[in-house]
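**Q** Go ahead and model the full structure; you've got the sequences and the hints to work with.
Protein chains in written order, with our numbering: chain D, 12 to 264; chain F, 12 to 264.
Hints listed in this document are in silico derivations from the structure and should not be mistaken for laboratory results.
Treat the numbers as computed from the prediction; the structure is a model and nothing was measured.
Zero decoy hints are in this set.
Note: identical chains are not told apart, hence a pair may lie in one copy or across any two.
With a cut-off of at most 30 Å between alpha-carbon atoms, the simulated DSSO-like pairs for lysine-lysine come out as follows:
| id | residue 1 | residue 2 |
| --- | --- | --- |
| 1 | Lys78 | Lys67 |
| 2 | Lys247 | Lys227 |
| 3 | Lys18 | Lys67 |
| 4 | Lys124 | Lys254 |
2 protein chains.
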Amino acid sequence: MKKTKKKINAAILIIGNEVLSGRTQDANVSFLSNWLNDNCGITVEEVRIIQDIEKKIILNVLDLSKKFNYVFTTGGIGPTHDDITSLSISRAFKARYEFNKEAYQILEKYYGKINFNDGRKKMAKMPNGSSLIYNPSSAAPGFKIKNIFCLPGVPSILQSMVGNLKIYLKNGLTTINKNFNLETVESYIAFDLEKLQNKFLKTVNIGSYPFFRLGKVGVSIVLSSQSKIQLNACEKKFIKMVKNKKIKLFKNN
Amino acid sequence: MKKTKKKINAAILIIGNEVLSGRTQDANVSFLSNWLNDNCGITVEEVRIIQDIEKKIILNVLDLSKKFNYVFTTGGIGPTHDDITSLSISRAFKARYEFNKEAYQILEKYYGKINFNDGRKKMAKMPNGSSLIYNPSSAAPGFKIKNIFCLPGVPSILQSMVGNLKIYLKNGLTTINKNFNLETVESYIAFDLEKLQNKFLKTVNIGSYPFFRLGKVGVSIVLSSQSKIQLNACEKKFIKMVKNKKIKLFKNN
Numbered sequence: 012m013k014k015t016k017k018k019i020n021a022a023i024l025i026i027g028n029e030v031l032s033g034r035t036q037d038a039n040v041s042f043l044s045n046w047l048n049d050n051c052g053i054t055v056e057e058v059r060i061i062q063d064i065e066k067k068i069i070l071n072v073l074d075l076s077k078k079f080n081y082v083f084t085t086g087g088i089g090p091t092h093d094d095i096t097s098l099s100i101s102r103a104f105k106a107r108y109e110f111n112k113e114a115y116q117i118l119e120k121y122y123g124k125i126n127f128n129d130g131r132k133k134m135a136k137m138p139n140g141s142s143l144i145y146n147p148s149s150a151a152p153g154f155k156i157k158n159i160f161c162l163p164g165v166p167s168i169l170q171s172m173v174g175n176l177k178i179y180l181k182n183g184l185t186t187i188n189k190n191f192n193l194e195t196v197e198s199y200i201a202f203d204l205e206k207l208q209n210k211f212l213k214t215v216n217i218g219s220y221p222f223f224r225l226g227k228v229g230v231s232i233v234l235s236s237q238s239k240i241q242l243n244a245c246e247k248k249f250i251k252m253v254k255n256k257k258i259k260l261f262k263n264n
Numbered sequence: 012m013k014k015t016k017k018k019i020n021a022a023i024l025i026i027g028n029e030v031l032s033g034r035t036q037d038a039n040v041s042f043l044s045n046w047l048n049d050n051c052g053i054t055v056e057e058v059r060i061i062q063d064i065e066k067k068i069i070l071n072v073l074d075l076s077k078k079f080n081y082v083f084t085t086g087g088i089g090p091t092h093d094d095i096t097s098l099s100i101s102r103a104f105k106a107r108y109e110f111n112k113e114a115y116q117i118l119e120k121y122y123g124k125i126n127f128n129d130g131r132k133k134m135a136k137m138p139n140g141s142s143l144i145y146n147p148s149s150a151a152p153g154f155k156i157k158n159i160f161c162l163p164g165v166p167s168i169l170q171s172m173v174g175n176l177k178i179y180l181k182n183g184l185t186t187i188n189k190n191f192n193l194e195t196v197e198s199y200i201a202f203d204l205e206k207l208q209n210k211f212l213k214t215v216n217i218g219s220y221p222f223f224r225l226g227k228v229g230v231s232i233v234l235s236s237q238s239k240i241q242l243n244a245c246e247k248k249f250i251k252m253v254k255n256k257k258i259k260l261f262k263n264n
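**A** Next up, the structure:
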């Protein structure tokens, strides 16, 4: 018997001063959020970026773990002194911070016995009871404990690993989006858009985002729904509104 | 008498489904964080990205308002139905949500009486007791209430407004950063880096971030401090370590 899919939500916790300080532009939120929605029907509902301070990691992990079905952390699982995600999460869940046998073997094989130094060994340490998230690009695995999934911060490595998350994740309802870029300003459509939103209050979310492109102002309208039927019905009424108000769409919509 | 500058911290609260869903890549965190540090000596210590849902805005604004000296929100102050930041913050602080006289006049002048429709008028509504943050590019002002500063989400508009924040902000200690891109891997330097960090435990923060560039692996080391003297002392020892370990710097360091 086919089970009815439910709404499943998630949070992303980015651990690292480099993103917070503005030196590094995060690329993981956009990738993870899209990947989780498109492949697993999981909706990211909150993102936090925090400093790599043990107390803050513990507080945020525990808080988000309670509030969301899944939590994905990025960063802080490398070999250097500022990589304290694994240790902090062990303490958050009062689990022993210890060598994971399988992770140890994977890394020893990857680096060779002679080159397997302390820094590299550190990457095999994680909370007792963790399951591994395999890493096809640079060997060092991520891990899952409770509903927390710990991934590295380097985008290319993270992206190579997400396929290995799937075995742990329940599939929920995918959100379908339709995007329209209008040659107009928000205040010209605000009234009609609100009327439309009120008609589809519980089924379609209508977002309105102003932008500038090649010196022109525009508004990007996003219709989002977990029901194709409701989305299509809303789109129909939206297109009618656009025509009635004589608004053009941008060419490369 | 010159007052001694203190550490001043801040949080950024990004309100909007478009960033959360991964459709839009945020550009405001990096800009704001750099600007606040370089111009005001204010350190951003946490970022949250949340949905535009009134209850969530209220909870997060109140929580961050207590934890940080300043909170900067972006997004949700435009004319459409999904722009609910001003209303939500009014409710968070139990302030009346009403027309700000000056904002109303600014917008009426900008659009002209005839074109000043309801959507545009909405942008003059904010919590009673707010102070305006003037907007030189598209007129609609942001506002300050308590220690919360509400800015728009469109990066170019936000960037044109930050100069007008300065009158409200106390200056703190600027963090100075030095960045070195090494042709090495983290595990080769982890031990020595930790030793160095322990020597400057309370004065310099040493961050280590692996990266890939043109097929080569590298590590970006960031030394951060609010004391120039300590930073220079740490840098000296760091350079010595790099030489001893025969590590090259990337050419375009």
